[in-house]
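S.K.: Just so you know, the protein sequences line up as chains A and L, in that order. My numbering puts the first residue of the first sequence at 1, with every later residue one more than the last. My numbering puts the first residue of the second sequence at 1001, with every later residue one more than the last.
Think of the hints as simulated: they come from the structure by calculation, not from any bench. Just so you know, even glycine gets a beta-carbon here, dropped at the ideal spot from N, CA and C. Hints are supplied without guarantee of correctness; some may be wrong.
Said to hold, decoys possible - Interface residues of chain A toward chain L, partial, derived using beta-carbon atoms under 8 Å:
| hint | residue |
| --- | --- |
| 1 | Asp19 |
| 2 | Ala20 |
| 3 | Ala50 |
| 4 | Leu56 |
Claimed, not checked - Chain A side only, calculated, beta carbon under 8 Å to chain L, not exhaustive:
| hint | residue |
| --- | --- |
| 5 | Ala43 |
| 6 | Gln59 |
| 7 | Asn89 |
| 8 | Ser92 |
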Amino acid sequence: MFDIGRGNNGEIRLSGRLDASQVELVREQLSSVKASCVVDFEALDYISSAGMGVLLGVQKRLSDGGHSLTLVNLNRHIREIFRIAGFDNVFSIK
Amino acid sequence: MERSFPRELNSLGPLFGFIGDFAFAHGLDDGTAFTVNLAVEEVFTNMVKYGGGGDEVTVTIELHGDDLVVELVHPGAIPFDAGKKGKVDVEEALAERTPGGLGLHLVRNVMDGVVYTHHDDCARITLTKHLGGD
């Protein structure tokens, strides 16, 4: 089960499992992001390249206006695949 | 364990359940389960999106000594040159990055073996993960 919502401080909160069958939901939700934003991964258990591709697309779109996503609280497995994908070079990951 | 899944993205939930059952039965750690889920999803999703051919994919998962071996078989699949896919420059600047090829790049990096064959109109991808200490 995957879910996406907003936290008390305006951060985007992802939870559950973000696989290729859920990617249109996250794409639609993130299309409304127009400025720099924190994405909280604390409750996200799993992500694959489909979801990573959406995040990459949002980051590219935001960068055109001088904005960016900051990714926080990634579990160690997600952190490792983001490293393998070279996302350290294109995202601020905390 | 072997099971066939309809070749559609809605099969991912049951497919993860199938892998989870195997992981539980064999005491696989969280990291191994995560990487096997990831690799199988990436391959299966490619078969759904680009494979053409038959309506089902058969997945087999077994332990061969210290090796976890997962095989995905897709009858009627369109052949592709696996060697030309998944070449990703992870040092590339944001403006140059595209999501294309990222899935196979991850598969090649989280698994110890990835073998693609296409014989008799049937695509077969074998993924191996070494579970030993080294």
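S.K.: Against each hint, give a clear statement of whether it holds in the structure.
M.R.: Verification of the hints:
| no. | hint | result |
| --- | --- | --- |
| 1 | Asp19 | 5 Å, holds |
| 2 | Ala20 | 5 Å, holds |
| 3 | Ala50 | 7 Å, holds |
| 4 | Leu56 | 6 Å, holds |
| 5 | Ala43 | 16 Å, violated |
| 6 | Gln59 | 6 Å, holds |
| 7 | Asn89 | 6 Å, holds |
| 8 | Ser92 | 12 Å, violated |
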